[in-house]
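If you want the building blocks of each chain, they are given just below.
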Amino acid sequence: MQLLIYILKRILQSIPLLIIVSLISFFIIRLSPVDPLAELKLNPSVSKETLQKETERLGLDKPIIVQYGKWAKSFLKGDLGITSNGEKVSTKLKERIPNTLLLAVVVIFMTWLVGVPLGVLAALNRKSPLDRILTVLTSIGMAIPSFFFAVLLLLFAVKTGWFPVGGLTSSNFAEMPFGAKLLDLAHHLVLPVTVLFTISLAGLQRQMRANLLDVLDSDYVKFAKAKGLSDFKVVYKHALRNAINPMITLLGFEFAGLLSGAALTEYVFQYPGLGRLILEAVLRSDINLVMASLMMGSIMLIVGNLIADILLIITDPRIRVKGGAA
Amino acid sequence: MIKEVFKQLWKDKFARIALIVLGLIYFALFFADFIAPYTKDFSDRTMAYVPPSKIFVIDENGKLSKPYTYNYRRDFDGENLKIIYSLDRSQKHYVKFFAQGQPYKFLGLIPMKRHLITTDPDGRLFLLGTDINGRDVFSRLLFGGRISMTIGFLALFVLFPIGLLYGGISGYFGGKVDSVMMRFAEAVMSIPSFYLLIILASVLPSGMTSIQRFMLIVIILALVGWAGFARVVRGMVLSVKNQEFVQAARSIGQSRLGIIVKHILPQTTSFVIVAMTLSVPSYILSESGLSFLGLGIQQPDASWGNMLKEAQEFTNIISRPWLLTPGFLIFVAVLAFNLIGDTIRDVLDPKMDVR
Chain P
6 MQLLIYILKR
16 ILQSIPLLII
26 VSLISFFIIR
36 LSPVDPLAEL
46 KLNPSVSKET
56 LQKETERLGL
66 DKPIIVQYGK
76 WAKSFLKGDL
86 GITSNGEKVS
96 TKLKERIPNT
106 LLLAVVVIFM
116 TWLVGVPLGV
126 LAALNRKSPL
136 DRILTVLTSI
146 GMAIPSFFFA
156 VLLLLFAVKT
166 GWFPVGGLTS
176 SNFAEMPFGA
186 KLLDLAHHLV
196 LPVTVLFTIS
206 LAGLQRQMRA
216 NLLDVLDSDY
226 VKFAKAKGLS
236 DFKVVYKHAL
246 RNAINPMITL
256 LGFEFAGLLS
266 GAALTEYVFQ
276 YPGLGRLILE
286 AVLRSDINLV
296 MASLMMGSIM
306 LIVGNLIADI
316 LLIITDPRIR
326 VKGGAA
Chain A
282 MIKEVFKQLW
292 KDKFARIALI
302 VLGLIYFALF
312 FADFIAPYTK
322 DFSDRTMAYV
332 PPSKIFVIDE
342 NGKLSKPYTY
352 NYRRDFDGEN
362 LKIIYSLDRS
372 QKHYVKFFAQ
382 GQPYKFLGLI
392 PMKRHLITTD
402 PDGRLFLLGT
412 DINGRDVFSR
422 LLFGGRISMT
432 IGFLALFVLF
442 PIGLLYGGIS
452 GYFGGKVDSV
462 MMRFAEAVMS
472 IPSFYLLIIL
482 ASVLPSGMTS
492 IQRFMLIVII
502 LALVGWAGFA
512 RVVRGMVLSV
522 KNQEFVQAAR
532 SIGQSRLGII
542 VKHILPQTTS
552 FVIVAMTLSV
562 PSYILSESGL
572 SFLGLGIQQP
582 DASWGNMLKE
592 AQEFTNIISR
602 PWLLTPGFLI
612 FVAVLAFNLI
622 GDTIRDVLDP
632 KMDVR
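Respectively, the protein sequence lines represent chains P and A.
Sequential numbering from 6 applies to the first sequence in the numbering used here.
Sequential numbering from 282 applies to the second sequence in the numbering used here.
Just chain P, with the same shape it has in the complex:
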């Protein structure tokens, strides 16, 4: 019950946040010198009526604050408008958001699966050659520019022909049986996931190592050791559980970083995700599409942080006792 109230409170808190986000984005975009309807006007398949309707809907002839009001009103009604190609923004988003989420979730899952054990390993063997090697490897992982790494992998894919070089599905995807579909998806995901995985793994491993070292240094762990508990029990039963908690806060940050980092990776791999969508939209100065994808990106980020905070409440009894008033 308490948790429910907390979640509700957080959702209410994020509403003003989203309003400010939309204001900021709207004003930035309207600063742009490019005519937002330029492409629509050039497109012969878009009729005059649509154009007129769109001009009116956006209120392009009115002052900017009225324009914003109009946009906000239709946004609340769930009408996201049409793109400069005449497609519906909402269909476009529905198509792209799951792809970006898929990428982010797979990457987060994998980094946790690998990063946490590696962090523990490094912390338990502090200053050993293994720890040193891991530190060097993570330094390298953090320093590779994502787009450059992506380009190198692309080169690798083209040369070996082992991996498809773009998109998310093969051209004959629709006719495949279910199992083959999954395999095809996985095959396309390997390269983009590798890029994002390498880059976010480094930070996670380091954080985990530092946390565990912090905890191992604390009094209660020393006490447990003094009491004669086996090292195994001390580490896995007492230290680890406390070292993991701060990592959950990191989950929110990681998600945010992935949304940003994915944009460049998606661009290089021609991956049909939100990041590439917004990039294309920005280059075409497609207001509706930019606004909608910015809002979706922000909502995803806020929800990601919320989920991380809720997980933290569930796992960390100390926060629960305080009444969840984080």
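By construction, these hints were calculated from the structure, which means they are not laboratory data.
Everything numeric in this text was worked out from a predicted model, so none of it was measured.
C-beta atoms are modelled at their ideal positions from N, C-alpha and C, and glycine is treated no differently.
Be careful, since some hints might not be right.
Straight line, CA to CA, 27 Å or less: simulated DSS-like cross-link-like pairs of lysine-lysine [unchecked claim]: (1) 53/P to 78/P; (2) 99/P to 78/P; (3) 227/P to 242/P; (4) 14/P to 457/A; (5) 238/P to 227/P; (6) 164/P to 363/A; (7) 292/A to 335/A; (8) 335/A to 164/P; (9) 294/A to 132/P; (10) 132/P to 288/A; (11) 335/A to 394/A; (12) 14/P to 78/P; (13) 93/P to 78/P; (14) 590/A to 363/A; (15) 292/A to 132/P; (16) 46/P to 78/P; (17) 67/P to 78/P; (18) 373/A to 335/A; (19) 58/P to 75/P; (20) 347/A to 335/A; (21) 590/A to 164/P.
Where chain A lies over chain P, by a calculated footprint (3+ residues, C-beta under 8 Å) [said to hold, decoys possible]: (22) 27 to 33; (23) 159 to 167; (24) 265 to 276.
Following the hints, position chain A against chain P.
Below, chain A without anything else, positioned relative to chain P:
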């Protein structure tokens, strides 16, 4: 304190290597005009996509010779529809050191003609090949580095005062001021940073001079990064604002802004230094990412990011691998900054001693 930090950096093996590497890079960038065989805008259209020049020290008779190179010849192979590059062995071009070459203005001020390495006027010395416009990649790497390696620092110098003041005011005043200011900062942080970066960059009008564009990119980078920093500063201010020295300053009648600037913000110095060194690489990466997409530094100016733009094409990365060199430089620079940042954090943050 700075001396102490430097001493510790020198003691650490990795950090020392990183310092030396960065020192070399910045040294080369400073003397770029002199080191580069060509000027930034030199282009020979007949020499597009030429591979790196081969330098010979043993001549055709098998004898040791002064280093020399041959120009490349471009021929079109009609059968395979490919351009073939072959060495034009009819004329030797000796490589000359400290010789007269293209005129330039050293640091934009002193007119000079000497280059560290060059060849005779008819010869072409492309140490790392050329790009689509027949421009020397090696020279452009040096000039591009000037932009890529300074833009991050400049952005930080814009961002840190803003973040410090914003966080300081928000934390010190507290109450309504604080919550309004923090909501705004949180909203900025809720937009995925790269999305914010590209919409800001897309607003820049075309037809600006390169200096204007450079300055605006600096400001954009700062606009994206200040919020997170301001939030941390606010937290630190909250933790010191009720200590005795602040109360003392208040009781002798210091103004509120004076207290924030003179007494509270100096408490955050070591955090600021750590945060600055740790965030330089992320700004280098942001700029190169932006330029890679064509939204940052624009042609004909060079930056490591926009030089990599050509690597987006398959044919380029497969048959012209020298176009990838800017990526390796970004990698090396970022790695070096990270290593130094890690060590500085260990030195200045005693809590992290366990590492």
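The hints, checked one at a time:
Under the criterion of a C-alpha separation no larger than 27 Å, the hint pairing residue 53/P with residue 78/P is consistent with the structure, at around 24 Å. For a cut-off of 27 Å, the pair hint linking residue 99/P to residue 78/P stands: about 21 Å separates their Cα positions. The hinted pair formed by residue 227/P and residue 242/P meets the criterion: a straight-line CA distance of about 14 Å does not exceed 27 Å. A distance of roughly 19 Å separates the Cα atoms of residue 14/P and residue 457/A; the hinted pair therefore holds under the 27 Å criterion.
Restraint check for residue 238/P and residue 227/P: the C-alpha separation of about 13 Å stays at or below 27 Å, so the hint holds. Between residue 164/P and residue 363/A the alpha-carbon distance is near 19 Å, which keeps this suggested pair within the 27 Å criterion. At roughly 40 Å between alpha-carbon atoms, residue 292/A and residue 335/A are farther apart than 27 Å, so this suggested pair is violated. Restraint check for residue 335/A and residue 164/P: satisfied, since their Cα atoms lie roughly 25 Å apart, inside the 27 Å limit.
Simply put, residue 294/A and residue 132/P have alpha-carbon atoms about 14 Å apart, close enough for the 27 Å limit, and the pair holds. Of the supplied pair hints, the one linking residue 132/P and residue 288/A holds, its CA atoms being roughly 21 Å apart against a limit of 27 Å. Proximity of residue 335/A to residue 394/A is assessed by CA-CA distance (about 24 Å); at most 27 Å being required, the pair is judged to hold. For the suggested pair residue 14/P and residue 78/P, the alpha carbons sit about 24 Å apart, so the restraint of at most 27 Å is met.
Proposed proximity of residue 93/P and residue 78/P is supported: the alpha carbons are some 17 Å apart, at most 27 Å. In summary, the hint linking residue 590/A to residue 363/A is supported, as the alpha carbons are separated by about 22 Å, within the 27 Å threshold. Distance check on the hinted pair: residue 292/A and residue 132/P sit about 16 Å apart at the alpha-carbon level, within 27 Å; holds. Taking the CA atoms of residue 46/P and residue 78/P, the gap is near 24 Å; set against the 27 Å cutoff, the hint holds.
The hinted pair formed by residue 67/P and residue 78/P meets the criterion: a straight-line CA distance of about 15 Å does not exceed 27 Å. Restraint check for residue 373/A and residue 335/A: the C-alpha separation of about 12 Å stays at or below 27 Å, so the hint holds. Distance hint between residue 58/P and residue 75/P is fulfilled; the C-alpha atoms sit about 13 Å from each other, no more than 27 Å. Our distance criterion of 27 Å between C-alpha atoms is met by residue 347/A and residue 335/A, whose separation comes to about 14 Å.
For the suggested pair residue 590/A and residue 164/P, the alpha carbons sit about 20 Å apart, so the restraint of at most 27 Å is met. Note: the stretch 27 to 33 of chain P has 3 residues with beta-carbon separation from chain A under 8 Å; the three-residue rule is met and the coverage holds. Under the rule that three or more residues need a Cβ within less than 8 Å of chain A, the assignment of the stretch 159 to 167 of chain P holds, with 4 such residues. Counting residues of the stretch 265 to 276 of chain P whose beta carbon lies closer than 8 Å to any beta carbon of chain A gives 6, which reaches the threshold of three, so the coverage claim holds.
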